[in-house]
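There are 4 protein chains.
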Amino acid sequence: MLKSGSEHLESLRDGRVVYIGSEKVDDVTTHPAFRNGARSMAAIYDMKGADPALSFEENGERFSAYFLRARTKEDLSKRTSIHKAIAAMSHGLLGRSPDHVSSFVTGMAMNPEVFKGFSENLKRYYEHMRREDVYGVYAVLPPQAARNPEFYQTRNLPVPSLRVVKEDDAGVTITGMKMLATGAVFANEIWIGNLLPLAPTQLHESVTCAVPVNAPGVTLWSRKPFERHAPSEFENPLTWRFDETDSMVMCENVKVPWERVFVNMDAILAREIYIRTPGHCYGNHQSNVRFHAKMQLIVGLASKIAHASGANEVPAVREVLGRFAALEAALGAMIAGQLHDAEDWPAGFKCFNRRYMYAALNWCTESHSSIIDALRELLGGGIFQMPADITVMHDAKLKQMFETYWQTPQLGAVERMKLYKLAWDLIGSEFAGRHLQYEKFYAGASFIVRNHSFREAPWEGFHKVVDDLMGTYGIPAH
Amino acid sequence: MLKSGSEHLESLRDGRVVYIGSEKVDDVTTHPAFRNGARSMAAIYDMKGADPALSFEENGERFSAYFLRARTKEDLSKRTSIHKAIAAMSHGLLGRSPDHVSSFVTGMAMNPEVFKGFSENLKRYYEHMRREDVYGVYAVLPPQAARNPEFYQTRNLPVPSLRVVKEDDAGVTITGMKMLATGAVFANEIWIGNLLPLAPTQLHESVTCAVPVNAPGVTLWSRKPFERHAPSEFENPLTWRFDETDSMVMCENVKVPWERVFVNMDAILAREIYIRTPGHCYGNHQSNVRFHAKMQLIVGLASKIAHASGANEVPAVREVLGRFAALEAALGAMIAGQLHDAEDWPAGFKCFNRRYMYAALNWCTESHSSIIDALRELLGGGIFQMPADITVMHDAKLKQMFETYWQTPQLGAVERMKLYKLAWDLIGSEFAGRHLQYEKFYAGASFIVRNHSFREAPWEGFHKVVDDLMGTYGIPAH
Amino acid sequence: MLKSGSEHLESLRDGRVVYIGSEKVDDVTTHPAFRNGARSMAAIYDMKGADPALSFEENGERFSAYFLRARTKEDLSKRTSIHKAIAAMSHGLLGRSPDHVSSFVTGMAMNPEVFKGFSENLKRYYEHMRREDVYGVYAVLPPQAARNPEFYQTRNLPVPSLRVVKEDDAGVTITGMKMLATGAVFANEIWIGNLLPLAPTQLHESVTCAVPVNAPGVTLWSRKPFERHAPSEFENPLTWRFDETDSMVMCENVKVPWERVFVNMDAILAREIYIRTPGHCYGNHQSNVRFHAKMQLIVGLASKIAHASGANEVPAVREVLGRFAALEAALGAMIAGQLHDAEDWPAGFKCFNRRYMYAALNWCTESHSSIIDALRELLGGGIFQMPADITVMHDAKLKQMFETYWQTPQLGAVERMKLYKLAWDLIGSEFAGRHLQYEKFYAGASFIVRNHSFREAPWEGFHKVVDDLMGTYGIPAH
Amino acid sequence: MLKSGSEHLESLRDGRVVYIGSEKVDDVTTHPAFRNGARSMAAIYDMKGADPALSFEENGERFSAYFLRARTKEDLSKRTSIHKAIAAMSHGLLGRSPDHVSSFVTGMAMNPEVFKGFSENLKRYYEHMRREDVYGVYAVLPPQAARNPEFYQTRNLPVPSLRVVKEDDAGVTITGMKMLATGAVFANEIWIGNLLPLAPTQLHESVTCAVPVNAPGVTLWSRKPFERHAPSEFENPLTWRFDETDSMVMCENVKVPWERVFVNMDAILAREIYIRTPGHCYGNHQSNVRFHAKMQLIVGLASKIAHASGANEVPAVREVLGRFAALEAALGAMIAGQLHDAEDWPAGFKCFNRRYMYAALNWCTESHSSIIDALRELLGGGIFQMPADITVMHDAKLKQMFETYWQTPQLGAVERMKLYKLAWDLIGSEFAGRHLQYEKFYAGASFIVRNHSFREAPWEGFHKVVDDLMGTYGIPAH
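Chains as they are written, first to last, in the numbering used here: chain R, 1 to 478; chain C, 1 to 478; chain A, 1 to 478; chain F, 1 to 478.
Hints may contain errors.
Treat identical chains as interchangeable: a pair holds within one or across any two.
27 Å max Cα-Cα, derived DSS-like pairs, lysine-lysine [said to hold, decoys possible]:
{"id": "1", "residue 1": "K397", "residue 2": "K123"}
{"id": "2", "residue 1": "K24", "residue 2": "K397"}
{"id": "3", "residue 1": "K255", "residue 2": "K397"}
{"id": "4", "residue 1": "K399", "residue 2": "K24"}
{"id": "5", "residue 1": "K399", "residue 2": "K255"}
Think of the hints as simulated: they come from the structure by calculation, not from any bench.
With these hints in hand, go ahead and build the complete structure from the sequences.
As structure tokens, then:
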């Protein structure tokens with residue numbers, strides 16, 4: 001089934017409990033902190049529904065293309081295409097759009113045996129997600145505070161990190177906190193799990209399961225919503241529509257039926273389900289494609305800013321623009337390479353080249369800050385020349401002065417301000433600040449990304465290069 | 001005379017015309033966009049008045065120490081001390097505090113002959129500033145748009161950049177736009193001039209003069225004021241009090257009496273007054289000291305953040321902290337070096353070592369983004385775990401959950417959130433975004449800073465090192 | 001025809017004039033400055049001859065695969081494969097191996113119309129090269145000194161840069177200097193041309209032609225040959241065999257028959273032949289593949305060095321190794337992407353994706369120094385602990401001490417020294433120093449590479465991203 | 001006593017055992033691998049002797065200024081001056097010139113109580129060094145291999161790292177290897193100790209003592225000496241004279257009398273003697289000053305290279321030069337700052353500001369590679385245009401061609417080649433490669449330098465900045 005946008009919005013009016021500080025949100029689809037974000041998500045559903053290239057048929061039913069378990073390179077391309085379409089709509093500013101966690105689950109459904117006794121649950125959950133066109137997000141990290149369980153035990157306090165507190169025939173009961181459910185406010189279900197290694201003894205925390213956002217006992221604690229603080233669409237066009245939100249997930253005795261449990265009492269497996277299946281790779285291929293769309297917005301803005309002052313005629317600026325274009329193309333090439341050198345894995349399926357995917361992920365994590373910094377250099381101090389807001393156009397005298405004095409040979413005053421405000425929303429607003437922070441951690445801290453790269457590297461092959469070379473000569477004769 | 005803080009606030013209620021978009025501000029000292037910024041400025045005056053070390057006596061009158069024309073190293077140290085005191089109050093977040101432009105003018109008053117026929121004006125203006133304890137700011141750049149005067153002439157439009165449109169016995173009449181009067185909202189007077197080279201033909205634009213902020217025909221067009229958008233002091237403690245504001249200065253037939261004119265019809269001199277006097281060096285020594293105070297806040301935050309999660313016990317994190325401390329000390333050393341190797345210039349006076357000052361300026365411009373980026377790495381994703389705002393403490397149930405689940409062994413929930421919010425206001429808020437942009441341009445684009453360094457470098461000495469070495473050997477004999 | 005290695009060596013004994021300083025080299029295949037380099041080149045010919053996958057058949061003849069004008073993706077892959085095979089043999093240390101300039105000429109032969117009246121010459125030269133299995137190199141830059149022709153004219157001196165000094169029925173006569181004929185000592189022919197834009201008036205310098213290395217009047221002035229200074233293969237295994245050499249080409253009244261002239265008296269065309277044909281892209285795809293082979297040696301060395309001291313068990317070192325692997329994979333992905341998104345250009349042919357190729361080139365140019373620097377960090381001071389040379393093994397007492405004291409739990413003393421010496425030859429020897437310099441300039445200075453990227457970028461598409469976004473909202477209503 | 005240069009050379013003919021591979025060196029002052037290095041060291045002694053400003057008098061005797069225990073800022077300045085004079089002679093290329101270890105010992109002699117029972121030995125050794133004008137070097141690191149003592153014990157092999165193997169009334173007997181005695185070939189005595197922390201159980205390795213280079217049982221194993229491989233002074237002017245050499249020190253049952261033992265059987269103290277006295281700071285202040293002299297050569301070369309092609313007229317190149325000058329001035333300022341903010345420590349003495357010293361050390365360690373890389377960019381490919389060697393001037397025909405074709409409007413051919421060869425010896429020769437490696441490790445790996453910075457930082461002060469700020473506001477009222 002392919003949901004429409006309005007169906008998706010309707011599905012969010014489900015009694016979910018969302019807090020902004022102490023304010024309880026009644027309806028996320030109409031609340032001024034979330035309504036435009038919700039619409040952006042809904043638009044994805046409408047786009048998908050309208051373009052058959054973004055879905056596929058299986059057993060007579062149609063599913064969103066990000067649920068496709070690829071058996072051919074064409075299938076992989078189809079996956080890349082839907083990620084591109086979604087990322088293009090949001091300019092790469094939605095890290096956890098509906099295609100992210102769905103790709104994880106789809107990848108896992110290609111190798112469900114890994115789940116041992118829970119493999120049927122996983123398969124059924126995959127069927128459920130695609131059939132209902134579920135928007136799933138995840139909360140797969142313990143709260144920062146949870147590193148020191150003894151502290152809590154000594155003081156007789158609840159350990160904050162989410163864990164199973166009871167098991168019975170119906171299922172498990174979970175309590176505690178999990179972070180960081182980006183997009184949860186706009187989603188249907190939350191995948192709860194552990195992307196980082198657990199200690200072997202953290203058995204109760206190893207639970208991996210799915211819960212509806214409106215499940216009794218679930219509350220979402222939103223970080224400051226930036227959309228609410230955007231004075232207008234003109235001032236903050238990106239904040240206005242693309243604040244995907246982040247929430248802490250708090251569970252108080254939430255009951256999860258067995259059929260939604262995928263790992264239990266197995267600290268090693270809790271992590272391995274992602275990397276022993278294409279789950280992690282499918283999910284993070286979306287991250288690569290998403291970042292690429294952002295690069296295109298960045299390159300476009302860089303060039304438009306240069307044109308706004310005529311700086312595009314300056315050789316040194318053209319070199320800078322050429323470099324921006326080279327960076328965009330580098331990532332584009334790394335994505336294409338993942339298709340070209342796709343892996344036959346697991347048996348009968350295709351996976352994007354994992355080493356290339358992690359290489360691209362590392363590149364994104366390493367490069368984002370300095371790319372934005374280069375855009376800052378191009379932008380210069382011009383942004384601070386702009387009036388506080390565009391209401392200057394509502395006063396006849398100010399309007400006339402503004403249009404006269406703020407225009408350039410290249411651009412009218414309003415268009416110039418519009419361009420600068422857009423750029424600022426990518427560079428300098430609080431929304432931009434969150435992206436600068438988050439691009440460092442979307443895929444885990446940089447050392448985590450590099451550890452993935454380490455794990456997948458063919459070390460024997462690399463050693464052989466050196467050994468073969470050294471094997472051809474010895475100690476020279478006396 | 002040393003003004004009190006309340007006297008300074010009173011002086012700002014002078015009928016000045018300030019726009020926030022189309023809104024005309026009645027009183028900057030009470031308006032929610034500016035009141036706390038105004039108080040921060042006033043606090044500087046109170047602090048100065050209370051500590052005799054921050055002022056000096058000449059001819060029986062007391063003046064703020066930043067008006068001191070240094071004749072000894074002790075005098076220079078006194079200057080450095082007042083900059084440190086002011087920067088410590090504002091953690092280096094006020095780039096154009098009252099000691100910045102005053103230092104320019106003081107430096108110029110040490111070599112007034114450079115001003116040729118206007119030298120008496122300059123000396124009198126210096127006397128006026130220090131006697132009235134004037135808070136002066138400057139607008140010394142043309143609007144970005146003004147690079148192409150032909151465009152305007154062909155279309156019969158006013159060229160936007162400020163220029164003299166009339167001269168008579170009383171003085172000059174100026175019209176046009178000048179950027180970027182940081183702090184003007186809180187200041188008494190604006191120094192108008194040209195810090196960048198003009199074309200030799202830009203005679204009418206070469207005017208350098210001082211105008212009161214409330215002069216008839218002067219309007220300030222503020223960029224978006226961040227203070228107004230800070231939900232509370234707890235959420236944005238820095239935005240709340242240290243938004244120094246930026247404004248475009250618009251002049252419509254503003255009359256400037258001859259006694260306030262310092263350069264006229266001399267495109268070369270308009271620029272040289274800053275660098276042929278200690279003006280530029282005195283002013284930018286303040287920039288060095290200001291940045292150093294910011295470094296101390298950064299190092300303190302880095303360490304507190306590490307302590308908040310116990311990460312300070314991790315060797316790799318200690319190395320990072322050691323590096324932060326090394327960066328702070330590097331700048332501290334560069335400032336101390338300016339005193340140690342002070343110059344005897346101009347005759348009878350002392351100036352900070354100019355090469356060292358520009359070296360420090362280059363270091364700040366080059367390093368700021370990556371220093372903040374290193375702080376981002378330390379902060380991690382923890383900031384997004386925090387509730388949207390501290391109102392969670394106003395609801396009994398939420399308060400209890402928050403205090404229980406958000407605490408760490410190292411820190412209570414409220415203290416932790418307070419620390420993260422403070423860090424975020426330096427890293428991720430819009431106020432932070434403006435600083436990331438502005439530190440690149442406070443002293444002009446990086447190439448401008450390096451050109452200053454080029455100009456002051458002893459190239460003959462450097463060449464001699466090479467020549468002497470090469471002079472000791474020749475072509476080997478056959 | 002596919003030459004054997006010994007045939008190629010034989011072809012180098014042709015009377016060519018090569019100078020090392022004032023020493024005239026009799027036979028480059030036996031001279032201690034060049035003999036091992038010559039053998040490395042010969043080995044490429046033997047490898048090619050032995051593996052049918054590295055050649056192709058056309059009209060009943062077999063040619064080296066780098067002469068293949070690709071009509072399908074499989075053809076392109078075949079090209080990539082031979083580059084990989086050659087680069088693997090030399091670990092990416094031969095920038096101008098026989099597949100480099102051949103690829104240029106092959107690319108040009110896919111669109112010979114660009115050559116206007118000389119198109120038949122170009123086609124015939126391509127036939128000649130592949131039929132004779134010619135090793136061609138190029139000299140396509142003016143000497144640095146030649147920027148200021150007036151200087152020479154005023155002083156009545158010959159302008160140094162190569163130019164046509166006479167034309168007659170037989171052809172053109174050329175005189176002057178051209179740089180930098182890397183590999184020429186080991187090659188058969190030199191392509192002379194202009195890779196950088198000429199002034200429109202530099203008509204006589206615009207000559208593009210091919211000359212045999214042993215043509216009367218041609219002399220090669222070699223830079224210091226490093227092979228000669230390598231004490232032994234054990235000390236400098238890379239210098240020993242992979243010094244590809246660089247030479248200035250000096251022509252004194254060299255006669256070039258018309259059939260070997262490809263551009264004459266056309267300053268614009270002289271440059272455009274490379275970029276209006278796949279020449280530049282085919283040639284520099286080889287550069288990408290070559291660098292990738294070097295990356296594999298680097299990653300292998302990094303890991304072996306870490307293992308030599310047991311540092312590979314340290315998490316921070318594993319992260320560093322993971323990053324090295326990610327960099328290797330990033331370039332691998334960028335190369336694969338060039339195949340995946342190959343272009344249908346020119347009509348009937350296939351070309352590697354040009355934007356991706358330039359992106360990879362930019363990545364290599366930007367990254368090489370810091371990659372080697374990271375390897376330096378890993379290597380530490382251990383290299384300087386090694387004895388001056390391996391002759392310590394020739395003295396019984398020293399041998400015993402060396403084997404006892406220099407071993408580690410991980411590695412015997414000799415193996416350890418062998419590994420460190422190899423690494424040093426990539427990092428610290430003069431051969432390494434030349435690579436550090438040359439990787440910055442192999443494809444021209446970084447601004448040149450970025451200008452290529454600028455030229456090929458789809459700016460309208462990038463602008464459209466911004467325009468479409470800005471088109472969806474306007475000034476908010478009053 | 002102040003030794004003359006020839007006295008110093010004479011002192012090196014003392015029967016010392018130095019190996020180059022298996023070659024035993026008879027006389028380091030005449031051997032082609034060391035003779036010019038020896039002369040450079042001797043020249044330092046002659047310079048010192050000739051300039052009274054470089055020595056001081058105490059109790060009627062004259063001593064080299066680097067033995068001065070500073071009691072005033074003027075004393076500190078005198079120390080800085082002699083470092084500058086020595087570094088200027090060698091352009092900062094001698095890391096372990098005679099003023100390095102002497103400064104360590106002098107610093108230790110300012111707080112000898114730290115040495116507990118051995119304090120008199122230390123004082124007497126200081127007296128001995130300055131009275132005999134001893135050139136001391138040090139070997140204060142264990143061999144890399146020594147990290148895993150169990151390996152050796154299990155296999156019944158001698159543990160490689162130097163240790164006491166016997167104690168008796170006369171003193172201790174030491175056996176084993178210590179690294180890395182830079183300069184030892186040219187020195188009189190070797191300080192043996194432990195600059196890195198030992199495990200508390202490494203009692204026998206904790207020995208700290210001084211041994212003459214010619215002590216029975218001491219052998220020096222030199223790394224490859226670069227001087228020997230320099231074809232001529234013209235080709236490698238820096239290698240020719242400034243290869244300070246590195247050696248492994250091998251001790252076989254070397255007897256050290258008690259009066260030359262400074263630490264024994266105390267693993268903690270072995271390290272603390274450097275940092276609980278001004279030893280480490282005095283020694284590394286020399287490192288700062290030394291690097292500064294190198295910066296001056298670099299800046300001079302950068303400018304000369306730009307002038308050699310006329311590139312100094314290009315604005316972008318001037319910016320680059322301005323940046324080089326800013327870097328040189330930054331370090332100059334950091335050195336001056338260490339004097340300005342000197343510490344009163346230990347009681348009655350003066351020490352350079354330690355935090356600033358470590359900040360400068362960190363700056364040097366972090367910056368060297370990228371500074372040299374920037375010089376590479378400036379140099380371009382021009383170096384490879386040069387003939388293999390200057391013997392072209394010995395052949396009339398080649399000489400004429402060389403002078404004609406290699407000259408530029410700015411520079412004659414020989415002068416141009418001379419300049420490029422000099423630059424190459426700083427950037428690309430093997431000597432340069434060793435410097436690129438060594439600047440990373442002269443003061444220990446970067447994390448070690450940062451740990452010093454961490455140790456000396458006033459964390460409470462930094463925390464107070466944050467705490468005071470956070471103390472001024474709380475949770476806003478409901």
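The hints, checked one at a time:
no.	hint	result
1	K397 - K123	neither (66 Å within a copy, 39 Å between copies)
2	K24 - K397	between (44 Å within a copy, 13 Å between copies)
3	K255 - K397	between (63 Å within a copy, 21 Å between copies)
4	K399 - K24	between (41 Å within a copy, 14 Å between copies)
5	K399 - K255	between (60 Å within a copy, 24 Å between copies)
The structure fails to meet hint 1 from the earlier list, while all remaining hints are met.
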